[in-house]
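*Asks:* Model the placement of chains B and C on the given structure of chain A, informed by the hints.
What follows is each chain in one-letter form.
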Amino acid sequence: MADIATTALPSQPSSPPRDRVLQVLLVAAVVLTALKPVLPDMLIRLPEAWIPPFAAWLDAFFEFIKGDPATGRFGLMTLTRWFAEGPLDFLLGFTANLLEGKYRWPFLSDPIPWSAVAVVGAVLGYYLGGWKMALLAGGTFVWTAAMGQWEITMETLSVLAVAAPLGFLIGLVMGIAAWKWKAFDTAIKPALAVMQTLPFYTYLLPAVIFFKVGPTAGAIATTIYATPPMILMTALGLKKVSPEIIEAGKMSGCTRWQMLTKVYIPSARTEILVGVNQVIMLSLAMVVLTAFIGMPGLGGKLLAMMNSFKLGRSFEIGVTIVLVAIMLDQMSKAWVHKLPQHHEKGTLWYIRHKYLLAGVVGFVFFFVLAQFVEYFNEVGRRQSLSMGREIDDVIKGFLNIDAVQATTGFIRYILNVWVLVPFRDALLWVPTPAFILFMIAFAYALGGKRPAIYAGVFFGLVALTGWWDRAIITLYSVISAVFISTLIGIPLGIFAARSEKWANRILLVCDTAQTFPSFIYLLPAIMLFGITDTTVVLSIVIFTTVPLTRYTIEGLRAVPIEMSEAADMSGCTRWQKLTSVQLPLAMPTLAIGFNQAIMFAFFMVIIAAFIGTQDLGQELQRTLAGTDLGKNFVLGINVSLMALTFDLAIMSWANRRRKALGLA
Amino acid sequence: MKLSHLMSAATLALATTTSAWSAEDSSDPIVIPIHNWSSQIVMSNVVGQMFEMMGNNVEYVTTDSQAVYESVRLGDVTLELEVWEGAFGASFRTALEKGGLHDAGDHNAVTREDWWYPMWTKDACPGLPDWKALNDCAHLFATAETGDQGLFLDGPVDWLKHGKERAEALGLNYVVKNAGSAAALWAHIGAAEADKKPVLVFNWTPNFAEAVWPGEFVEFPAWEDGCDTDPAKGPIPDKLYDCGNPADGYLKKAAWDGMKDKWPNAYEVLTKISFTNAQIAEMARLVDIEDYEPEEAAEIWLEENEEIWKGWMPGGAT
Amino acid sequence: MSTDQPVISCRNIWKLFGPDPRAYLAAMTPGRSYDEIRADGYIAGVKDVTVDVARGEMLVIMGLSGSGKSTLVRCLSRLHDITGGTIEVEGQDIMALAEKDLIELRRSKMGMVFQSFGLLPHRTVLDNVAFPLEMRGQDKHARRARAMEVIELVGLGGREEYFPRELSGGQQQRVGIARSLAIEPDIWFLDEPFSALDPLIRREMQDEFLRLQGMLGKTIVFITHDFDEALRLADRIAIMKDGAIEQCDTPDRIVLDPQTEYVRKFTEDIDKARVVHAGTLLTPVNGHAVDGPPVAAHETIQKLARQLVNDERAHLPVADKSGKVIGVIERQKALDVLLGGA
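If you're matching them up, the sequences are chains A, B and C in order.
Quick note on numbering: the first sequence equals residues 1 to 664 in the working numbering.
Quick note on numbering: the second sequence equals residues 1 to 318 in the working numbering.
Quick note on numbering: the third sequence equals residues 1 to 342 in the working numbering.
Check each hint, because a few of them may be wrong.
Below, in silico cross-link-like pairs of lysine-lysine (DSBU-like), each with a Cα-Cα straight-line distance of 35 Å or less [said to hold, decoys possible]: (1) Lys98/B with Lys252/B; (2) Lys140/C with Lys180/A; (3) Lys240/A with Lys140/C; (4) Lys262/A with Lys100/C; (5) Lys240/A with Lys265/C.
Per the computed footprint, the stretches of chain C lying under chain A, defined by three or more beta-carbons under 8 Å from a beta-carbon of chain A, are [said to hold, decoys possible]: (6) 23 to 37; (7) 122 to 133; (8) 161 to 167; (9) 295 to 302.
Hints were generated in silico from the structure; no laboratory data involved.
By construction, the Cβ of each residue, glycine as well, lies at the ideal position given by its N, Cα and C atoms.
Isolated chain A (complex conformation) (with noise of 0.2 Å):
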């Protein structure tokens, strides 16, 4: 059997050239690195005269569009704010007042029972998946109820119930925009990008000063990261209507307007909820980050229970978030696959409106039997479930255990003074240039030319900065940590992908530990190796492990059936199969896995900073506390360029591999 990945592609006619340079690069890059001893020092670190101030150049810049409300000068801040303290705070506090009672319209003295609100979701979640999904919704409902946590809970989904629908709504006009005018299209694809890559702390400070510390910023910060699928999901499902469709709805006498409400957006109902469920999924990621700039509930509650070293009630509140997760995640989705049932003809008005009717009377009593019994309108923190204390011995027994210590102390000592800690070392001994000339000769194999001029001069702008060394240790912390996932991950999902059972078992576990708030587990990890390296690169392993298990996963499930039967009657073993039939065909998708490891890396290594870091995210950290506009932006952005060069690097190449295979 042919091995798929090594025959030629039909675009390598002009292999010997493209082989040609690459040797040139890495031959450069090669002898500036061994001619270290020797060359200038200009050569090796851009002298620090040449570097621009762009941060001072950036903040004039911000200073200028802000405005000034204490002199009264016009600028974007005056319109920020009157948005920020009228209609966003205006709504912030209607559903402040309705989940958890605030002093705003309409001034309910008391916020609705939380065992109305369960009861509601209860029924909800039947109507749209059956019983499970009524036991997932009623239950999460009662869990963040018994464990004392409604307050919190409903803190946090107050905002979000703000953020996620501004974020659905910019999301769809946005979205109508880029599929109606190829030049807007064109425009925002670069800023999406960059979006995507920028690490969250350069969210939260220009939130702060243009929205307001508290709720608003909270809010302003959640949309803006999560809006940017949506744009994505809304173009492409409108794209997608089928020309028939179109043509029905045009012989029919539609008017642009009504094309577009009544013909193209229903039609491109799937996508548009699947981003609707994006932009859910990452408003529910940013819980945890916007606490930092006043987003009340769960967020700033885990934050205050971490500083005082109380594991179990952090965890506890970490499984209040993944629950909240996944009942959103799973109700979401069954809403996409919900299709409209038919009545048959004179069917009685209260069996056509069962659900609706269900989900009043459930809420009309208990909200009135909470009146009456106030276990069902709050739980006290005495009264609540909560086990605190017993998490955290168990915790503590835990890494207690001899063996545990004994395991970890030895990875720890290997990791570190092996294999990290030289490596670090070795990348930075490496000069600028060369290092430059590296990049752009991986991203020239990988995807061509155009990936390989975009990182060259992003990896030069990097340098421009003046944050190079910063930068280098960031790389360095998400290359390793890329790498040693790789190793876990990729046999994980092959194992996986061999039974249709252990394949959900392990995508749940994925999605689970994709939800899980990061933070929580930074602790055990610090007591567990230390305030090392190895503590930075093993936490950002457990994130960046996620998509690459899932994306072997869903690479090898995707493999025609019939290409697998070929093989088995080629005569394949099972080892041939995989190395010479499915891996290959699944590479595309793998990649695609291996490209989210990255960015996922990227996002991670900045909360690293949490643990002690010496990379870009520690002084990212550092900035929030002031209001240098201007270097946190070029952190930021610095960030972003290097997880830049490796999307498109990776992504060129997945798109050709998948061309080349005829799977596109």
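*Replies:* Using the frame of chain A, we list chains B and C on its own:
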């Protein structure tokens, strides 16, 4: 609803006095920032509940403890109840220079931030708390990465603690590493707890950690003004940072400039408020040890310490 | 407007796809072939087509995929803007219509049925059928009543609350047909309406379609790639290849007298006797005896087979529907058609 019942009960009980306090404060909510350590949260709730008893509206907002000064300056947040000299002095002074907020007086409490160890460490290194014992014990604090040098875990870089400089100035055989967060410090102590491994970390008081892990500060040469700017100060003539941090740093309150005019009564109360180390520790204990929610802890504290806070209220004995 | 004026009248229409089709067409030398145009970087979707559709006529446009038949029908309904030529619908140049008037034309005069039905998946049968009525702002009661009428007409009564995915392919196309009829259009476009259906269902739907057309008598442009279907349904057939019409004629004449090699290939395997009517072979009486039983002009040769074989006269009289003799056919010629010996 439980809380609000309790609250309204408290308000009712004080109704007679409340009417006497009625003042011309704005009905806009006073925004009190909440950070991520318990004493500050409880204190904020205590003060918030006092304001509410005076008939003011109060809102709490979770913020970063460094970024908050910018928000106070802009009036997004009305006040800040815990300005630590060591940790937030720099951010506070920057905002002060830009204008928009001002010093609203000190608490009675003093703060101290310095190298610290949990009590069990002393068993292994009995020469402590004198700093001169550190070098002899260095091997006790060694880890896989530090070789035979000891490890001192300093606070996050942005706290600007100058641990490295001090280790160098005093010739300490220690590697100084920066934790990324307060939580990282606790995890480091927590990991050492079971085996009673000696550890040396940055810590401060008042802090919940005192209650969880009894410990002591290392006694460095006493702070002299200018120790960080003038090499001549301190025991080593040609080095900066050759003394310990001040053992009695301030703990201030800060207020937005506009607060005085918008909520004059509340402002008046704010300037009078002054907590002691013991009171702050008690607030932290209610949450960290007794596991109360901050609002409940604040209610309990208010209930048990009426004589203290009533004196700060309008019409109370000053 | 007189009734003999064609409902749709196309004069030299062109539809080119490419970077700047208008400029290219203007500069193009006449008589350029499809392949030459293609070499210039343009695709001729419709190439110099001139055709008329008379009132009440069913014109079937037949061609293989890529022949331009679907493009042509989309030009007639102005779903595509043509590159050159003129299209008049009831004397009105549709290319000159403003968007508003075009919408009005579609809302009042045109209906269209699509190959893959083009139903809106989120609407019930009733709401799909009522959709064009809703678009023109008819009130809810009136449009539901009208939609129910058409649904009954296509035999879907009782299914009006179903969603498209709950129906079979044939049923879905009935919805598509009902929707296109809801506004009572004068002109009915059908773009391969039965191609996506199973052969048995297709046959059934064709019968159903003929029944409807018998009742409604619309002006129809019907697209198909199935020659049998074309022969079965058409008043006239236009056979297309590479964007151009090869031949446009009645089924009988296409079968008996293919004008091009391409058309001949289609007709080769066709059982001509099933297509050709006695009336087509008609010649003037010219003194031949016209007594004895006549054959019916509107019957196909196949239907007349027994009579043709048994009747020994050299010339048979042909009568129209009223029984009046209108001419004769040569028996030998008819037998040639029947036996394929011609």
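*Asks:* Could you run down the list of hints and mark each one as holding or not?
*Replies:* Verification of the supplied hints:
1. Proposed proximity of Lys98/B and Lys252/B is supported: the alpha carbons are some 18 Å apart, at most 35 Å.
2. Between the alpha carbons of Lys140/C and Lys180/A the distance comes to roughly 31 Å, so the proposed pair stays at or under 35 Å and holds.
3. Restraint check for Lys240/A and Lys140/C: satisfied, since their Cα atoms lie roughly 31 Å apart, inside the 35 Å limit.
4. For the hint linking Lys262/A to Lys100/C, the alpha-carbon distance of about 18 Å falls within 35 Å, and the restraint holds.
5. Straight-line distance between C-alpha atoms of Lys240/A and Lys265/C comes to about 38 Å, which puts the hinted pair past the 35 Å bound.
6. For the segment 23 to 37 of chain C, the stated coverage by chain A is violated: 0 residues have a C-beta nearer than 8 Å to a C-beta of that chain, whereas at least 3 were required.
7. Counting residues of the segment 122 to 133 of chain C whose CB lies closer than 8 Å to any CB of chain A gives 5, so the stated coverage by that chain holds, three being the minimum.
8. Closer than 8 Å: that is the beta-carbon criterion, and the segment 161 to 167 of chain C has 5 residues meeting it against chain A, so the requirement of 3 holds.
9. As drawn, the segment 295 to 302 of chain C meets chain A at 0 residues by the rule of a beta-carbon pair under 8 Å; below three, the given contact is violated.
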